[in-house]
Structures are given as structure tokens and as C-alpha cells.
Amino acid sequence: MKPPRGAVTVWDPLVRLLHWGLAASVIGAFLLGDWLHRPDHAWHERLGYAALAIVALRAAWGVVGPRHARFTGFVRGPRATWAYLRQLLRHTEPRYLGHNPLGGWMVVALLLNTLLAGASGWLGTTDAYWGEPWVQDLHAWSGQAFLPLVALHLAGVVFTSLRHRESLVRAMLTGRKPAPAPGDVE
Amino acid sequence: MSRARQLPWVRAAMAAVSLLAAAAVQAHGLATCDAGPEEKWQPKEKLERQLTDKGWKIRRVKVDGGCYEVYAVTAKGDKIEAYFHPLTLQQVAAKTE
Numbered sequence: 001m002k003p004p005r006g007a008v009t010v011w012d013p014l015v016r017l018l019h020w021g022l023a024a025s026v027i028g029a030f031l032l033g034d035w036l037h038r039p040d041h042a043w044h045e046r047l048g049y050a051a052l053a054i055v056a057l058r059a060a061w062g063v064v065g066p067r068h069a070r071f072t073g074f075v076r077g078p079r080a081t082w083a084y085l086r087q088l089l090r091h092t093e094p095r096y097l098g099h100n101p102l103g104g105w106m107v108v109a110l111l112l113n114t115l116l117a118g119a120s121g122w123l124g125t126t127d128a129y130w131g132e133p134w135v136q137d138l139h140a141w142s143g144q145a146f147l148p149l150v151a152l153h154l155a156g157v158v159f160t161s162l163r164h165r166e167s168l169v170r171a172m173l174t175g176r177k178p179a180p181a182p183g184d185v186e
Numbered sequence: 001m002s003r004a005r006q007l008p009w010v011r012a013a014m015a016a017v018s019l020l021a022a023a024a025v026q027a028h029g030l031a032t033c034d035a036g037p038e039e040k041w042q043p044k045e046k047l048e049r050q051l052t053d054k055g056w057k058i059r060r061v062k063v064d065g066g067c068y069e070v071y072a073v074t075a076k077g078d079k080i081e082a083y084f085h086p087l088t089l090q091q092v093a094a095k096t097e
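Read top to bottom, the protein sequences are chains A and B.
Once you know that position 45 of the first sequence is 45 in the numbering used here, the rest is easy, because the numbers rise by one and skip nothing.
Once you know that position 80 of the second sequence is 80 in the numbering used here, the rest is easy, because the numbers rise by one and skip nothing.
One thing to keep in mind: the hints can contain errors.
DEER-style ranges, computed between Cβ atoms [said to hold, decoys possible]:
#, chain 1, residue 1, chain 2, residue 2, range
1, B, Ser18, A, Ala53, 29 to 35 Å
2, B, Thr52, A, Pro66, 30 to 36 Å
3, B, Trp9, A, Thr72, 19 to 25 Å
4, B, Val63, A, Asp12, 15 to 21 Å
5, A, Trp105, B, Leu87, 50 to 56 Å
6, A, Gly77, B, Leu89, 53 to 59 Å
7, A, Asp184, B, Asp78, 58 to 64 Å
8, B, Thr74, A, Trp43, 23 to 29 Å
9, A, Ala56, B, Gln42, 44 to 50 Å
10, B, Ile58, A, Trp20, 38 to 44 Å
11, A, Leu89, B, Val17, 24 to 30 Å
12, A, Pro78, B, Lys44, 43 to 49 Å
13, A, Ala53, B, Pro37, 29 to 35 Å
By construction, these hints were calculated from the structure, which means they are not laboratory data.
C-beta: ideal position from N, C-alpha, C; glycine also.
Bound conformation, chain A alone (with noise of 0.2 Å):
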């Protein structure tokens, strides 16, 4: 996969692995989940505590990492996600070089998921919890939640790779994007 002329680098390595780590590691947790009650857990145990210390790196690079990785370069307050979402209905949204406003709020709801799912599971295992039934449903319920979540992130890829006619799943792998144009956000 050779990155069109003009690219630039927009995603970090770091951002990539973590990516990637945290989508293998849902997905697997998700498969070996409750739902279809493999005799033995702990491959499932094993992936949801690698997708929390995932969440955990995140957060952290979220802070102290280059730009396009930082939640202040990509966390927009509501009034202009909303702006974002009427100009997208007007097909009159700029393309952004890193996360467009609702791009990066999907991507606050996942890490929050994550955190949810994980934090939930691991607390029905402890001898306080074990049984409890509000951790049990918490836990059932921010599962089932990452198939929405999932599937409005894929539609939002899909959708946004079309529109500015790049593809953002190739530029997740390679963390490279096509340069700025004018109009363009960076």
C-alpha cells in the first residue's frame, strides 16, 4: 500500500497499535463472551484486561501525545459537533486531516465502553461483587453495547472515506493521509 503524493503523517505509531490492539481485543473478548458461555473463561478474562491497560495507554497519550492523538486537538464542545452535523446533512463539511467532530466523539464512547465493560467485568470477579446483579447487567449491557457503537463507527468510516474520497481504514494502517487542501481542517 504505497500513500498517495503529498501525504503527510497523521497518525502516530502508537495511535495505530493502540488501535488495532484495542479492536482485536474487544472483538475476541466479545466472541468468547457469556453469550456463548465457553466452558472456560480465560481467554475472555485475559482480552478484556489488555483492552483496559489499552483504554489506560490511550488516555494517557491522549494527554501528553503529538497533536492529532490529543483529546484537546480533537474533543469539540457541543455546539460545534452540532455545527459539524449540520453542515454534513448540507454536504458542506470541511474535511478534517485528523478526527472531524463526531469522529472524535465516537471515539470518546468506545474508550468509555471499553472502560465500562471492563471495569464491570473485572468487578464481577471479585469476591465483593461475584453475583452481583447491577455489575452482572452492567457488564451484559455495555457488551451488547459495542455492536451499535461498533457498527456507527464503521458506518462513520465508510461514510467519511467516500465523501472526501480517501480511505481512512488504509490511513489507520499506515497513519498516512493525503496533504491538506485549502478548506481543509488540519
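Based on the hints, put chain B in the right spot on chain A.
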């Protein structure tokens, strides 16, 4: 990305979704019990008494796969998830954490 190039992608996604749906339909717990209508079951309270007498500390009892599903801590201190047949109150499956 052209429409033609999207198609295999869409097809793969649809295959994955139907696979997941099929797996979800098959989903079951540690056991299933063919125990008929719930009115004829032994009461949950009787099972709880039986287990408490064994020294279990019961955390949650619910119905799964037509069985009583119990989360408890055994007298030895093991965290256990156990299934009981609603007619006989015999343990049919269990797993300890």
C-alpha cells in the same frame, strides 16, 4: 471507492452479522433444563434454603435455559455459578471462578 469495489465488503459484513445472529440464537448457559411450565416448579426459596443449609452464601438466583441459575460462595469460599433442575433441585452443572 467505487460501488463495485464496495460490494465484497458489504457481502463480508452481512455474512459476519448473520453468523453472529446465528450464534446468538444458539446462545445458552452452562446447561438447559426441560422442566415444563414454571407453575409446576419447586419454589426458588426451597432451593435457596437447601443451599444455605450446605453453607453457601447466595448472591443471585435467576432462571436461565429453563434452569435455576445460582451465583454463590461455597462453604469453602469458592465463587460458584451453578445450575439446578427446577423439578428435582438437583445440580446439573457448575463452574467455579
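Hint by hint, here is what the structure shows:
no. : hint                               : in the structure
1   : Ser18(B) <-> Ala53(A): 29 to 35 Å  : 33 Å, holds
2   : Thr52(B) <-> Pro66(A): 30 to 36 Å  : 58 Å, violated
3   : Trp9(B) <-> Thr72(A): 19 to 25 Å   : 34 Å, violated
4   : Val63(B) <-> Asp12(A): 15 to 21 Å  : 50 Å, violated
5   : Trp105(A) <-> Leu87(B): 50 to 56 Å : 51 Å, holds
6   : Gly77(A) <-> Leu89(B): 53 to 59 Å  : 58 Å, holds
7   : Asp184(A) <-> Asp78(B): 58 to 64 Å : 59 Å, holds
8   : Thr74(B) <-> Trp43(A): 23 to 29 Å  : 25 Å, holds
9   : Ala56(A) <-> Gln42(B): 44 to 50 Å  : 47 Å, holds
10  : Ile58(B) <-> Trp20(A): 38 to 44 Å  : 43 Å, holds
11  : Leu89(A) <-> Val17(B): 24 to 30 Å  : 27 Å, holds
12  : Pro78(A) <-> Lys44(B): 43 to 49 Å  : 47 Å, holds
13  : Ala53(A) <-> Pro37(B): 29 to 35 Å  : 48 Å, violated
In the structure shown, a violation is registered for the earlier hints numbered 2, 3, 4 and 13, in ascending order.
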